[in-house]
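Protein chains in written order, with our numbering: chain S, -14 to 255; chain P, -14 to 255; chain D, -14 to 255; chain W, -14 to 255.
Incorrect hints may have been included.
If several chains are the same, the list does not tell them apart, and a pair holds so long as it fits within one copy or across any two.
[Unchecked claim] Straight-line C-alpha distance at most 35 angstroms; calculated DSBU-like pairs for lysine-lysine:
| hint | residue 1 | residue 2 |
| --- | --- | --- |
| 1 | K126 | K20 |
| 2 | K166 | K96 |
| 3 | K96 | K111 |
| 4 | K195 | K85 |
| 5 | K128 | K223 |
| 6 | K40 | K166 |
| 7 | K223 | K126 |
| 8 | K166 | K225 |
| 9 | K126 | K195 |
| 10 | K96 | K195 |
| 11 | K80 | K16 |
| 12 | K85 | K111 |
| 13 | K111 | K153 |
| 14 | K16 | K96 |
| 15 | K96 | K20 |
| 16 | K41 | K128 |
| 17 | K111 | K195 |
| 18 | K229 | K20 |
| 19 | K41 | K153 |
| 20 | K126 | K111 |
| 21 | K223 | K41 |
| 22 | K41 | K195 |
| 23 | K85 | K225 |
| 24 | K128 | K229 |
| 25 | K195 | K40 |
| 26 | K229 | K80 |
| 27 | K225 | K126 |
| 28 | K223 | K20 |
Since the hints were made in silico from the structure, they are not lab data.
There are 4 protein chains.
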Amino acid sequence: MDGIFETQEEVPEIRERLRRVGITNLRTVAKINWKGRLYTFIPTFEITIDVPEEKKGIHMSRLVESITETMSEAIEEEVSKVHSSLEELELAIIKRLEEKHPHQRAEIWIKTHLILERETPVSRRKSLETYDVEVGLIKEKGKLEKVLRVRVVGNTACPHAMVNNRGKTHIQRAIATLEIKTSFNEEIALEDMIEVVESSFSSPTYTLLKTVDENAVVQRMYQNPRFVEDVAREIIFKAKQRFKGRIHVRVISLESIHKHDVIAETWYPF
Amino acid sequence: MDGIFETQEEVPEIRERLRRVGITNLRTVAKINWKGRLYTFIPTFEITIDVPEEKKGIHMSRLVESITETMSEAIEEEVSKVHSSLEELELAIIKRLEEKHPHQRAEIWIKTHLILERETPVSRRKSLETYDVEVGLIKEKGKLEKVLRVRVVGNTACPHAMVNNRGKTHIQRAIATLEIKTSFNEEIALEDMIEVVESSFSSPTYTLLKTVDENAVVQRMYQNPRFVEDVAREIIFKAKQRFKGRIHVRVISLESIHKHDVIAETWYPF
Amino acid sequence: MDGIFETQEEVPEIRERLRRVGITNLRTVAKINWKGRLYTFIPTFEITIDVPEEKKGIHMSRLVESITETMSEAIEEEVSKVHSSLEELELAIIKRLEEKHPHQRAEIWIKTHLILERETPVSRRKSLETYDVEVGLIKEKGKLEKVLRVRVVGNTACPHAMVNNRGKTHIQRAIATLEIKTSFNEEIALEDMIEVVESSFSSPTYTLLKTVDENAVVQRMYQNPRFVEDVAREIIFKAKQRFKGRIHVRVISLESIHKHDVIAETWYPF
Amino acid sequence: MDGIFETQEEVPEIRERLRRVGITNLRTVAKINWKGRLYTFIPTFEITIDVPEEKKGIHMSRLVESITETMSEAIEEEVSKVHSSLEELELAIIKRLEEKHPHQRAEIWIKTHLILERETPVSRRKSLETYDVEVGLIKEKGKLEKVLRVRVVGNTACPHAMVNNRGKTHIQRAIATLEIKTSFNEEIALEDMIEVVESSFSSPTYTLLKTVDENAVVQRMYQNPRFVEDVAREIIFKAKQRFKGRIHVRVISLESIHKHDVIAETWYPF
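Next comes chain S alone, as it looks inside the complex:
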C-alpha cells in the first residue's frame, strides 16, 4: 500500500455517524447447496456497514471482495457443506468481512428467484413456477437477525361484484408479498412462505395450463371469491401460526375494471 493515500481513514469535516454505507445493485454469481443439490444463480447483492463519526469513508472494494472471495475461493465441496441457504451464504460473507473491515453493524441482502415444481390441477403435468425472493441478514450489537421476503403472483375474484351479478364478477392478477423478520437461528423455509401466500388467493397461477386445467382454475376462482383484504387476512393468519417473528403482508390487485390498483397491507404485531 506504499504511496497510496487512504482518504477513507481521515476525520471528516462534518462528524455524523452513518448507519448503512456500501455497495448496491451488484450482480454476481452465487452458489448454494439447496436441499442437497448445488445450485448456481446470479442474484443482486447489497452489502453495507456503519461508519463511525471519526472516519470519512469505508473501503468499498473490501465489501466486494467479501462477496466474491466467499464464492470463488470456496471449492464446490465446501459450498456443499456450508451454504445450505441464502442466509448461511450471507453469514459466510459477513464473517469474511469481519476480517477485512472493522464495523459495528453489517447488513447484507440477496435478491434472486426461486423455481418450484408444481403439478397442474387436472392433467397433473409438471409446471415450473418462479418466485422473487429476498433475504437480508443484519448483524447489530452482536445480534443476528434475518429478513425473509417472498413475492407471489395469484389472483382475486371480487365477492362484492359476484353477489351483485348473480355469480358473475371481475377477476384480476394480484401480487402478494410476505416478509418475516426473525432471529438468524429460526428455521423458516422460503418454500413454506410461498405456500402460505399462494394458497391464500382465489387460485394459484400456473405457467402451463391445458384446457382441463384452465377449467379447474376458473372454477376455483369462482368458488373462492376474495377481496384483496381477504387475501391479506388469510396470509397473516396462517403466517402467525406457522412462523415466529415480525410479519408484514402486502397484497396488490391489478383491478381489471380500473386503471389503478387496490392494496391491503398489515403487520404482526399490529
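Based on these hints, arrange chains P, D and W on the given structure of chain S.
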C-alpha cells in the same frame, strides 16, 4: 466565445455518420393551447439530430435551448395561437433548432399524459381517465412525418374459458398501444385514437365506479369475451378505416391464471 | 342502494385487523395554489384506511370520490384559498373521506414533480430544474403527521481517487433522497429541502449549460470532491439544523468505474 | 379433447392477419452447453407465431409446452450435445413447436445475463462482470434469421470539457447496446460483441477494483476522452469489420452535470 475550444467541430478519427445524436429523458415544462384552453404539463423530451462524418459531435446545449426558449420566451398569447397540438409544439422547436444548429435530419419526441373526461355507465358520474401518449416528429430530406402513440388500459374476458365453463371465465387487465406514422399534415386527434382502442376491449375501465356502474362493467365484460387477438384485430380494423398512415397495434393481457402475459401484435400494411 | 348487497359490511371468516387498505397508483388531476399561483398537475395518489376485524372490506369507490370531489367540486376560488400545499390538499381529501367512510386511521400520498427556476453559474441563464417529490399525510389516534420527500440529482467526484491521481478522479451522477416525518403543523417547504440536498453534492446539475457554465460546474466538482458518505453527512447535518422531525437520508452514486452503485444512508435520531 | 370447445379454431368476426401472437414475460429454467460446460439459468422468454385471418386465436399452452418440454425432457446428455448457444436452444424450441401448432412465422426471444471473467488492470485479480444479453430467432418464409443484442456498462470522459478546463472534465457512467441481425448460420459470439462494445468506452468498468486498479482506470479515462458520439462511432466501425449483418448501436451517457441523458444512435447499413 473567445478562448473556448469547440471540440465538436473537429474531424473525428473514425469517420462514421450518426443518425440520431442528442438529448433524452429531459423533463421540463411545456404549454399548448389544446382545444382553446391553455394547458401546462411536464412531459419528457427527446431531441436528436444527425452528425455528418466530418464532425466530432453536436452542441448539445443548443438542443436544450431550442426546447426551453420555445416554451419560456413564448408569451401566453403566442402559445394560444401557435401550439394547438403536441406536434405543432415540436415543429416550433425544430424551426428554432434550424437557426441554431445545422443538420439534415431532426427528430423530437414528447411523452406525456392525456386526461379525458368520461361518464360512468349507469350513475352517469364524471370520471377522469388518464392515458399515456407519445408524439414524435421526424424531419428528413425535407419531409415531415409524425408518429402518434396512445396507451390505453382495458380488460379481456377469455372466450375459450367462457364456452368451456358455462359462462364463467378468467378476466384480466389488458394494455393496448396504437401507433400511427403519417405525414405531418394528416389531422389525427389522440382522443380519437384512444377511443378506437378503448372501445375494442371487453370493456373500458374507469377511475370511479359506484356499485351500479361496476355491475354494468361486469355485465359488459361477460357479453364481450375477447382474446387478446380479438382486441388487436378490432383496433387495427377500426384504425385502418379512420386513420391514414402506417399502423402498429400491440396488446398485452396480464393473465389472471398465469404469471406471464400474452401478447398480440400486428401492423398495417402487414 | 335498493337491491345492492354490501359484501364489505359482512363479518369475515378470518378476523384480523388491517392497517392499510385502499387505492394505489391512481393518476388524476390536482390543483393547488402554490405561492399565490394556481398550479395544475397530474400526480399519482395512494389513499388507505384501516379495517376493523369485524368488517370484510372497505368501499373503495368512496376513497376515489374523496379525491375527485375535492378537486372537481372545488371552484378555483376555493382552491386559491384553501390548498396552498400538497399536505393541505391531502387534509381536505381526508376531511371529505371522514364524512364518507368510517375509519380510525387514514393515510394519503401524493407523488409528483416540482419545477424550480435556477440560474446557470456564469451565463446567468434561466434553467428549469425538475425534482421528484412525495408528500404523505397520516391521521392516527387523532394525531396528524406528515412525511415529506424530495429526490435530487447531483454528482460525486471521488476524493480518494483524486488524492491518488494528482487531481484526476472519477466523477458520476448521484441521486439523494431526503425524507422528513413531522407533525402536520410544522412548516417545511419542499424547496428548502431540495436546496439542502442540492447544495451537498460535489456540484448541482443543470438542464441548460453553455460552455462557460459547464466549465464552472467542472471546476466546482474538482474543488468539492465528495464520497457518497460526505454527501449523506452534509445533508443530515444541514437538515437537523433547519427542519424539526425524524430525518432519513439516502444517497446513491452511479459509479462511473463500476457496474454497481454505492450507497450511504442514515437517520436522525440515529 | 372430448367435450372441449376449441374457440381458437373458429372464424373470427373481423378478419385480419396477426403477425405476432403468443406469450411474453415468461420466466423459466433453461440449460445450454456453453463452451463445453452445462450452464443452467433463468431467462425471460417471449414466443410468438402468426395467426391467419380465418382463425380466431392460437393455443397458447402449446407455446409454453414447446419451451418447457425442450428443457425438461432433454436429458442432460442431450443438452450437452445439442444446445451449445442460446439460438440453438431457440431453434430446438421452434422445431418442437412445428409439431404442435401450425404457423407460417415464428419468433422466439430469450433475455438473460452473461457472466465473463475479467482481470483487473494492475493487481491482476479476477473480476466477474455481468452483461444483459438478448437473442431472438425469427423463422419467416422458410428463412431463419437471428438477432443478437448485448448491453454493456462503461463510461465517458467529455473531451470538450477537458480541453476547456486544462485536463479536468466531467465523467459519467454510460451504457451501450449493440444489436446484430443476421442469418442463423452466421457464427457470432456474444462475448465478441461485448468485447467490441466494452473496448469503445473511455474505459471498461470492473466489479472489483483495488486502489492501484482504480488509479489505472482513472488514468485511462483521462487518456481516452470520448463523446457519446465517439463511443457509437467506434462500436459501429469495429462491428462492421468483425460481424456480418445489419447492425444497430445505441449509447446513452448518464451525464454527471445534467439531470438528463445524452444519446448517440446509428445503423449499418445507414
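Point to revise | Violated constraints from the hint list, given by number and in increasing order | key: none
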